[in-house]
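Novice: Given next are the chains, with one letter for each unit.
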Amino acid sequence: MKFVDEFRDAGVINKTADEIRRLADPARHYRFMEVCGGHTHAIYRFGLKDILPDNIELIHGPGCPVCVLPMGRIDDGLALAKDPAVIFTAFGDMMRVPGTQGSPLEHKARGMDVRIVYSPSDALKLARLNPDRHVMFFAIGFETTAPSTALTLLRAKTEGIHNFSVFCNHVTIIPAIRAILDSPDMRLDAFIGPGHVSTVIGCRPYEWIAKDEHKPIAVSGFEPLDILQAIVMVLRQMKAGEAKVENQYKRVVPWEGNRAALRAMGEVFQLRPYFEWRGLGFISQSALRIRDSFAEWDSEQRFQVPGVRVTDPKAAQCGEVLKGVLKPAQCKLFGKECTPEHPTGALMVSSEGSCAAYYNYEHRKATVASLSWPA
Amino acid sequence: MCLAIPGKIIEVPVEGATQATVEVVGVRRKVDLGLLTENMPVLGDWVLIHVGFAMSKISEQDALDQMNTLRMLGEAEQAMEEVRGYGVEQE
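From first to last, the protein sequence lines are chains L and F.
If you count the first sequence from 1, position 161 lands on 161 in my numbering, and the numbers rise without skipping.
If you count the second sequence from 1, position 35 lands on 1035 in my numbering, and the numbers rise without skipping.
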């Protein structure tokens, strides 16, 4: 594993790795899903795979909001921004994500007024500074980001800023986990729960995973030791024949979540009946829309949205990779038609997507090794 | 976008507002404390910042560890770029 010596707890990391080896039954194979894209990135970056026994497989879950956003939504957002009166704003992560007619950045190169913001409140500030233009914020993210959008919309309404709207693509993590667990080819044993999403929703929403599905889950932080400790927690539960929700990331995640954030979300958003996820298809009640009481600040209610649908190429096996049935490199398109530079499927789109992470850390390493001269 | 950046509160919001000044590795920016109204940070507290909003209070040690984690994830530069980017009037 990389960087071990740089951590103040290098000794603890090695001890925890020993504990994992002691707890894991060599006669069985374990499949644990880390739900959050941040964990996926950390697992590859720190080389955690190298420290784990071979019979513990980490499956990379659906928690990368850029990856699971259908291409049609990007087309829809950009279509609204064709009006020269509109300033299209989004986080930097969205800028290179391809729509059928190119990414927001490519649209900017063609003359569209596209601007990066680092906070939804800065999009609102742009609206204040440009009263003769309409500022649209292309919102993405799970429950970590949705409260900030909600608070920004509450401010827009209170301050009466009418040249601002949000094109809302916020999604919720629980229905995606449910869709994965409901899938007939599901083979997971336990979950590493998302860290920052849980600061908002808390740990209670995961209880059904333990109670009804009998799968252990440990909410985890992002340091190598955090992830290893979460693995110890679920292994201990499995060994004891238990399934419960544990909180490894107590220093940041309160069991009850953040009530102020949940209240802001409840005031501004309601669940959509269904929403399409790239790689997983339509999932009921899995995304947020803006309430009618905020219709004036909802790009979808305020403007005519084309409603573009773009299906992923049939050969792309993103769904199978998301459910842990296939590893990234087992997809027919991996590293050929589908690369981080030219993504065909959802999971190659962002560096937090499992295929892009696998490509950047494993595939490139293997390619470089195979190209090097024999000693 | 999924970055959580540690910052220290160096100026609390004025009465009735939620904009505080935080310092992240020497860079000072306004962040919004509106999501922490039930547990409002005070001067000198450390918070985790996500897209310009403080998400939770953390200890100083956890803040230092979080910055270390970002550095080792190769995301410290990106985090500082985000912090510097807060506030459009600075562009």
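Calculated directly from the structure, the hints in this document are not laboratory data.
Fair warning: there could be bad hints in the mix.
[What the hints assert, rightly or not] Subject to a maximum C-alpha distance of 25 angstroms in a straight line, what follows is the list of computed BS3-like cross-link-like pairs (lysine-lysine):
id	chain 1	residue 1	chain 2	residue 2
1	L	LYS108	F	LYS1057
2	F	LYS1030	L	LYS157
3	F	LYS1030	F	LYS1057
Novice: Checking against the hints above, which ones are violated?
Specialist: Structure breaks hint 1 only.
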